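Asker: Protein sequences appear in the order of chains A and B. If you read the first sequence in the numbering used here, its first letter stands for residue 1, the second for the next number, and so on. If you read the second sequence in the numbering used here, its first letter stands for residue 1, the second for the next number, and so on.
In short, the hints are calculated from the structure, not lab data. As the structure is a prediction and not an experimental result, all values here were calculated from the model. Note that CB positions come from ideal geometry on N, CA and C, so glycine has one too. Some hints here could point you the wrong way.
[Unchecked claim] The calculated BS3-like cross-link candidates involving lysine-lysine, where the alpha carbons are at most 25 Å apart (straight line), are:
| # | chain 1 | residue 1 | chain 2 | residue 2 |
| --- | --- | --- | --- | --- |
| 1 | B | K41 | A | K136 |
| 2 | A | K70 | A | K23 |
| 3 | A | K120 | A | K136 |
| 4 | B | K136 | B | K120 |
| 5 | B | K41 | B | K136 |
| 6 | B | K136 | A | K70 |
| 7 | B | K23 | B | K70 |
| 8 | A | K120 | A | K41 |
| 9 | B | K136 | A | K23 |
| 10 | A | K41 | B | K41 |
| 11 | B | K136 | A | K41 |
| 12 | A | K136 | A | K41 |
| 13 | A | K120 | B | K41 |
| 14 | A | K41 | B | K70 |
| 15 | B | K120 | B | K23 |
| 16 | A | K120 | B | K120 |
| 17 | A | K136 | B | K120 |
| 18 | A | K23 | B | K70 |
| 19 | B | K23 | A | K41 |
| 20 | B | K41 | A | K70 |
| 21 | A | K136 | B | K23 |
| 22 | A | K23 | B | K120 |
[Stated by the list, open to error] Chain B stretches covered by chain A per the calculated footprint, using a threshold of three residues with CB under 8 Å from any CB of chain A:
| # | segment |
| --- | --- |
| 23 | 61-70 |
| 24 | 121-129 |
The residues making up each chain are set out below.
Protein chains: 2
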Amino acid sequence: MTVTFAARGDHHEIEEGSALAPKFGPDGLIPAVAADAASGKVLMMAWMDATALSATIETGEAHYYSRSRKAMWRKGESSGHVQRVREIRLDCDQDTVLLLVEQVGPGACHVGYETCFYRKVVQADGGVALETTGDKAYDPHAVYGEP
Amino acid sequence: MTVTFAARGDHHEIEEGSALAPKFGPDGLIPAVAADAASGKVLMMAWMDATALSATIETGEAHYYSRSRKAMWRKGESSGHVQRVREIRLDCDQDTVLLLVEQVGPGACHVGYETCFYRKVVQADGGVALETTGDKAYDPHAVYGEP
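Next up, chain A with everything else stripped away, as it sits in the complex (with noise of 0.2 Å):
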């Protein structure tokens, strides 16, 4: 890793400084949400850890922290469905990263669809329901092997 990262200052530094303080949680881990830079339609929200954000940084490719694998991945090194990013926000409190990426391939959801968030929550039968919203945009069992 070699971007460095500024130590936390007082509140209006990290609310309205220009240095580049992010909080990474007990588990060194920061949320990450990636929207698509042109439609402006959110693609999903993964972990980072510091090596994985210092990496985005620098290679101008998302990369994410896995809690189950517990490893740093690239987005797309098995599908070839990466996240070239065009601009990295950070928020108010500098606790989550906001990728805007132009979207390689059909999708950024190992489920098959462009966004991660393909249902929404409806009304049904006296309690609430998902529904999807949309049609899958490629087939993941053709890009990761069959279940």
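Since the structure of chain A is already known, use the hints to place chain B on it.
Answerer: Positioned in the frame of chain A, the structure of chain B alone reads:
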């Protein structure tokens, strides 16, 4: 809380099913991203407990959980900048919520900007820094009182 969430099923049920089975973390929270329903612009990231998610579904207004105050809050309860929820989406793993909202008032961010993501990472002096993009949409001191 009157909304009943389903138990977490197997991988296939969670990803392809119609049962709303959100995964709350060990702290009882799930990350929630709010984006403008019209423009797609990502406005903020916050957290929800089961009660906040339930209240959001029931009332159609965004409710979150404040980790610092350890309490649920209704977005805009002090500023008036409420979020009218047009759609609630869950991601593939059902461990992130996306709200597509109509943001009432000039902005979602307490610092005064339309979006909390008002700064981008730029190269600076051989390192990295944050650069503010755009102007404040309102004077936060006029809304929240002097700091």
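Asker: With reference to the structure, classify each hint as holding or not holding.
Answerer: Each hint, compared with the structure:
{"no.": "1", "hint": "K41/B / K136/A", "in the structure": "holds, 23 Å"}
{"no.": "2", "hint": "K70/A / K23/A", "in the structure": "holds, 19 Å"}
{"no.": "3", "hint": "K120/A / K136/A", "in the structure": "holds, 15 Å"}
{"no.": "4", "hint": "K136/B / K120/B", "in the structure": "holds, 15 Å"}
{"no.": "5", "hint": "K41/B / K136/B", "in the structure": "holds, 16 Å"}
{"no.": "6", "hint": "K136/B / K70/A", "in the structure": "violated, 39 Å"}
{"no.": "7", "hint": "K23/B / K70/B", "in the structure": "holds, 19 Å"}
{"no.": "8", "hint": "K120/A / K41/A", "in the structure": "holds, 15 Å"}
{"no.": "9", "hint": "K136/B / K23/A", "in the structure": "holds, 23 Å"}
{"no.": "10", "hint": "K41/A / K41/B", "in the structure": "holds, 8 Å"}
{"no.": "11", "hint": "K136/B / K41/A", "in the structure": "holds, 23 Å"}
{"no.": "12", "hint": "K136/A / K41/A", "in the structure": "holds, 16 Å"}
{"no.": "13", "hint": "K120/A / K41/B", "in the structure": "holds, 18 Å"}
{"no.": "14", "hint": "K41/A / K70/B", "in the structure": "violated, 31 Å"}
{"no.": "15", "hint": "K120/B / K23/B", "in the structure": "violated, 30 Å"}
{"no.": "16", "hint": "K120/A / K120/B", "in the structure": "violated, 30 Å"}
{"no.": "17", "hint": "K136/A / K120/B", "in the structure": "violated, 32 Å"}
{"no.": "18", "hint": "K23/A / K70/B", "in the structure": "holds, 19 Å"}
{"no.": "19", "hint": "K23/B / K41/A", "in the structure": "holds, 23 Å"}
{"no.": "20", "hint": "K41/B / K70/A", "in the structure": "violated, 31 Å"}
{"no.": "21", "hint": "K136/A / K23/B", "in the structure": "holds, 23 Å"}
{"no.": "22", "hint": "K23/A / K120/B", "in the structure": "holds, 16 Å"}
{"no.": "23", "hint": "61-70", "in the structure": "violated (count 0)"}
{"no.": "24", "hint": "121-129", "in the structure": "holds (count 5)"}
The structure does not agree with the numbered hints 6, 14, 15, 16, 17, 20 and 23 stated previously, though it agrees with the rest.
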